[in-house]
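Trainee: Its first residue numbered 48, the sequence shown is counted upward by one per residue in my numbering.
Please note that a few of the clues may not be correct.
In silico lysine-lysine, BS3-like type, Cα no more than 25 Å apart, as pairs [what the hints assert, rightly or not]: (1) K259 <-> K222; (2) K206 <-> K224; (3) K337 <-> K367.
Using C-beta positions, here's what the derived DEER-type ranges look like [to be verified]: (4) P178 <-> E99: 28 to 38 Å; (5) T185 <-> E496: 30 to 40 Å; (6) E298 <-> D217: 52 to 62 Å; (7) E80 <-> T185: 13 to 23 Å; (8) N214 <-> E410: 25 to 35 Å; (9) T327 <-> L93: 46 to 56 Å; (10) R286 <-> P235: 36 to 46 Å; (11) H342 <-> Q288: 43 to 53 Å; (12) V234 <-> E99: 42 to 52 Å; (13) E203 <-> L517: 26 to 36 Å; (14) T279 <-> I478: 26 to 36 Å; (15) T327 <-> E298: 21 to 31 Å.
Just so you know, these hints were derived from the structure itself, not from any lab.
Note that the Cβ used here is the ideal one computed from N, Cα and C, for glycine as well.
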Amino acid sequence: MSEKKEDLFKPVGEAAEEVEHENDTGVTLTGAEDSMGHPVQEIESLCMNCHENGTTRLLLTTIPYFREIVLMSFECPHCGFKNSEIQPASQIEEKGSKYLLKVESREDFNRQVIKSESATCKFIELDIEIPAKRGQLTTVEGLLSEMIEDLESDQETRKSIDENLYNQIDAVIKKIKSYINCEPNTVPLTFIVDDPAGNSWIEYKPGEPQHKWSHTQYIRSDEDNVAVGIITRDQLEERRQAKLKELSKRERNKSEATENKTQFLSDETDIENFNNEVQTFKGGCPSCTKECETHMKPVNIPHFKEVIIMSTKCENCGYKSNEVKTGGAIPEKGRKITLFCDDAADLSRDILKSETCSMVVPELNLDIQEGTLGGRFTTLEGLLRQVYEELEARVFSQTSDSMDEETKKRWMDFFAKLKEAIAGKLNFTVIMTDPLAGSYIQNVYAPDEDPNMKIEDFVRTDRQNEDLGLTNMEV
Numbered sequence: 048m049s050e051k052k053e054d055l056f057k058p059v060g061e062a063a064e065e066v067e068h069e070n071d072t073g074v075t076l077t078g079a080e081d082s083m084g085h086p087v088q089e090i091e092s093l094c095m096n097c098h099e100n101g102t103t104r105l106l107l108t109t110i111p112y113f114r115e116i117v118l119m120s121f122e123c124p125h126c127g128f129k130n131s132e133i134q135p136a137s138q139i140e141e142k143g144s145k146y147l148l149k150v151e152s153r154e155d156f157n158r159q160v161i162k163s164e165s166a167t168c169k170f171i172e173l174d175i176e177i178p179a180k181r182g183q184l185t186t187v188e189g190l191l192s193e194m195i196e197d198l199e200s201d202q203e204t205r206k207s208i209d210e211n212l213y214n215q216i217d218a219v220i221k222k223i224k225s226y227i228n229c230e231p232n233t234v235p236l237t238f239i240v241d242d243p244a245g246n247s248w249i250e251y252k253p254g255e256p257q258h259k260w261s262h263t264q265y266i267r268s269d270e271d272n273v274a275v276g277i278i279t280r281d282q283l284e285e286r287r288q289a290k291l292k293e294l295s296k297r298e299r300n301k302s303e304a305t306e307n308k309t310q311f312l313s314d315e316t317d318i319e320n321f322n323n324e325v326q327t328f329k330g331g332c333p334s335c336t337k338e339c340e341t342h343m344k345p346v347n348i349p350h351f352k353e354v355i356i357m358s359t360k361c362e363n364c365g366y367k368s369n370e371v372k373t374g375g376a377i378p379e380k381g382r383k384i385t386l387f388c389d390d391a392a393d394l395s396r397d398i399l400k401s402e403t404c405s406m407v408v409p410e411l412n413l414d415i416q417e418g419t420l421g422g423r424f425t426t427l428e429g430l431l432r433q434v435y436e437e438l439e440a441r442v443f444s445q446t447s448d449s450m451d452e453e454t455k456k457r458w459m460d461f462f463a464k465l466k467e468a469i470a471g472k473l474n475f476t477v478i479m480t481d482p483l484a485g486s487y488i489q490n491v492y493a494p495d496e497d498p499n500m501k502i503e504d505f506v507r508t509d510r511q512n513e514d515l516g517l518t519n520m521e522v
């Protein structure tokens, strides 16, 4: 009996793949296929509206520049009930994802959007938020049109009951339609998809301007882990109680250390040589919440500041993370660093890219958004090589079969230029912009000025202060 239960509750992606090889499970092939040859299957299933049997169609397919997904549609011939949804055919990602799109033309409303069941969508200028619900494969216009349909469905009833409410909702409907029609003074429209599970997506078009599309990743909070089902609400409360006990223990240790004139930097160990030794402490894994070890070491970067290099590895689920954190107070201004690389020796320069730093190389058409790659302390060559490996392995190799020839040629040209830059055969400019001034490129002429490097401090915008949580903070 237990074996049958396990078979019934296999992951949806695994189940969809197995139907291609099994003909005795009630799953049949319809003969239809998508453009990549993935078959459409049918299975008889229960209608949750009339409790008769209807038909569910499944398609396991691949979204270019994203990942595999499962499209499902249900139709009941008895009551006419219909439903469709999308589910990721992959596991929950290590980090949450946040996508931003600036809708600036009518064509941008046709961008594909994957909204998982844990994602929320926001239209900033419309002051509208779509809460987490069923998964969808749609477009930006599709989301707004569905919203209009929901609002219009009960308008006649509202008009007879509460005309004031009717007029307010009618004004909202007209405003949404004006944005869809790109009427004057309606664009750009800022569209944001925030998914703590990391399984949502907004269509990306290679070569578009930096401000138009961005993707950032973030570590899930405990509340996010509850929302995506990694931990239960009871487990969250247990962790909070454990943290309160830990804080209480630290306060007692700190008090005892003050009385004995002994400095303690950890609950369990007396650290005597903090700056020269790698410190290890235990904490909860952000992926599976089991206990894991984090290694930490402070490193003083000459002519910059002290940073902390952190490495986490979970033996239970295999989660790995390497990050660099900058220390000290939050500076009053951000910093922009521009380096012109005209010598192969420039590739060996040390470089620190914080999580809040964006990096642009105009000659390579390379644009790394904030949050991408996380915090990194490496060389310029090492950073470019990592970009090459990530794009080649995770994007190009997985989607090249579905690309048209023009798109594939643009990717090949991009990789060719990137290889030349890594080999020191191409002059290029590196522009790093960090609103927290926590990034750094080695000055090989220090303490004198570097003739190939320009450092500019700038005042952060209100939007940057808001995104960084500094609006109501004294810095």
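Trainee: Name the hints, by number, that the structure is in violation of.
Mentor: Checked against the structure, the hints that fail are numbers 5, 8, 11, 13 and 14, while the rest are satisfied.
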